[in-house]
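Work out the full structure: start from the sequences and follow the hints.
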Amino acid sequence: MKALVWCAPYKVQVEQVPDPELLNRRDAIVRVTSACICGSDLHLVDGFIPGVEPGDILGHEAMGIVEELGPDVPAGKLAVGDRVIVPFPIACGRCFFCKRGLTAACDNSNPNPELAEKLFGFTTAGMFGYSHLTGGFAGGQAEYLRVPFADVNLYKVPADLHDHQLVMLTDVFPTGYMAIEQCDPQPDDTVAIWGCGPVGQFAIRSAFLLGVRNVIAIDDEGSVPERLAMAREAGATTIDIRGESVYQRLLELTGGIGPDLCVDAVGMESHGYSLDALYDKVKSMAMLETERPHVVREVIRCCRKGGTVSIPGVYGGFSDKFPLGALMNKGLTVKTGQTHVHRYLPELLEHVRAGRIDPSFVVTHRVPLDEAPEAYEAFRKKRDGCIKVVLDPQAGPEAA
Amino acid sequence: MSTVTARGRGQPDHPPARHVDPEARRAPDDGAGERMVSLAAGSLLVAFGLRRRSVPGLLLAGVGGSMLARGALQSPTAQAIGRALIGAQGEEGLRIAHGVLIDAPADELYRAWRDLERLPSILTHLERVRRIDERRSHWVARAPRVAGGRVEWDAEIVRDEPGVAIAWRSLPESEVQTAGEIRFQQALGHRGTVVHVALEYRPPGGRLGALVATLTGVGARRQVREDLRAFKRRIETGEPITIEGQPAGRCGGLGRFAQTSGRTS
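Protein chains in written order, with the numbering used here: chain A, 1 to 400; chain B, 401 to 665.
Since the hints were derived computationally from the structure, they do not count as laboratory data. Check each hint, because a few of them may be wrong.
[As the list claims (entries may be wrong)] Stretches of chain A that chain B covers, calculated by requiring three or more beta carbons in the stretch to come under 8 Å of a beta carbon on chain B:
#1 45-58
#2 135-141
#3 332-340
[Said to hold, decoys possible] The following label-pair restraints were derived from C-beta to C-beta distances:
#4 E626(B) / E244(A): 46 to 56 Å
#5 S521(B) / K381(A): 21 to 31 Å
#6 P640(B) / K118(A): 16 to 26 Å
#7 K99(A) / R531(B): 31 to 41 Å
No residue lacks a Cβ here, since even glycine has one placed at the ideal position from N, Cα and C.
Below, the structure is given as structure tokens:
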């Protein structure tokens, strides 16, 4: 089959690789009909997350049709031909964490937990196409995908919805939703969201879905105007990081107390124009720091006293100049984590079915898998208004 | 008093001799030549054993340590160096204690451990356990092939409370002094059962053996921890999670070039 393979920092290519096979008795093989490129794929491709090896197949946002089922997948749960989405964390469904709905923390699904234990103390769940830190599972930017514990990790979806409405449920929609939902937002809260990529866009809309009325979206008007335009369409007030002081504007918009809930939807590769952003850029290039945590510093500084900082943005290692003093003295609450996708699927699908949100709004490009390397470049450089790319592994190279 | 036998491959499988005449070790012909052989072979085994950083490695190094001690301790200089080196080490050998929370009732887990003959499928440093009678069993632990070794001992069950605990220890005349205890403790709430495992290996070779045991302890602990993780996963999910056999790319063509040339943008 064809698959998108990571070969070296900044180098991915489409290759012929062997078809996946059932490796365990609860496995399934899915024929992928849509697979997205995610902002965190860029962290992997750029070498910011440790444990990616040459030859690894990327992609953790996939959906498709069940092609084959292992003999121990409980009868009645799934059938060959079912249309399914694949949450990006792999859950066993049985451990302490899965039973509490913390599926991204599954204790049993990472076959190589020692690496993560050295780095984090404990391992996260295994994840598709997401470095050997999370198990090294082959990803979904391919014609076929092998899914472990298929009865837990395949979620059947209705036929009357389009792929682009559904594939966002594998990661970005639940990630943006959880970033707000787990902070227990109140109707009179002001929510400020740094970063208006796909996760930020879903965080904005999720805040409104969850009853918040004041949402402020922050990004770079000069380089990605389409993102702030999309945020305004959703009803958010916007701040341009290049044109104005984010802190000053937030004070102005909140009567001087700061936003109640501040969301870092940017993560480890933030690009800023301040002195500390330059400091991080130099340090990370010299391998002295694994993150560029400019945004999380600003988020902590801007958050109101006693407020909540939510971090759906991905970090992988260690940060410098972390403002622990502000965190402590202002009494902030921090909410973060890889997304427990499984637990949110029923309620999010209900929002989609009821027409309260159409997740396909974020898709700007659909291209054949063969054109994935060019699509990665367009996404990285935010060319051509690129916000979200969906790859079509079943399309021929000539189709557009 | 040697119940530890480092056997060559192909040798017949028989229970180890348990009653070697102690006088035989101090016979007058046990002289310089044998001392050199002991030192050389002992060093080799210690080296191999240490490299393994595992329970079998530990036991092997212990056997080597024993031989090393026999050779070394008869030379006055070596005795002084040895004393300086190992003076601070205790004689307790290696203790490994680990606990793992498993979502299953204590009775079910107890049954998985109670059949000692199935224990090697959980604790991978064991090769086999053979039941002799209701209380006694013969144990064989793995050792590196290159040294042709296995380590064996006889053990007896000293505690057996269904659903609560199982404990065993080697018979007094074994040279590997080892003991093990598994306790099944119901966790608070509905969290399942915490399985507490405690293993103790006192390898042969006295203080030198203890030194070796300390050095290999890190690897041995890791092995037991991984074994218990695998056990928990098998009980909870019914299958071992793996990526062995999944597809991967080869980074042919430009991809390989990119690997050697580093960042391309």
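Cross-check of the supplied hints:
1. 45-58: holds (count 4)
2. 135-141: holds (count 4)
3. 332-340: violated (count 0)
4. E626(B) / E244(A): 46 to 56 Å: Since the Cβ atoms of E626(B) and E244(A) sit about 54 Å apart, the hinted range of 46 to 56 Å holds.
5. S521(B) / K381(A): 21 to 31 Å: 54 Å, violated
6. P640(B) / K118(A): 16 to 26 Å: 22 Å, holds
7. K99(A) / R531(B): 31 to 41 Å: 37 Å, holds
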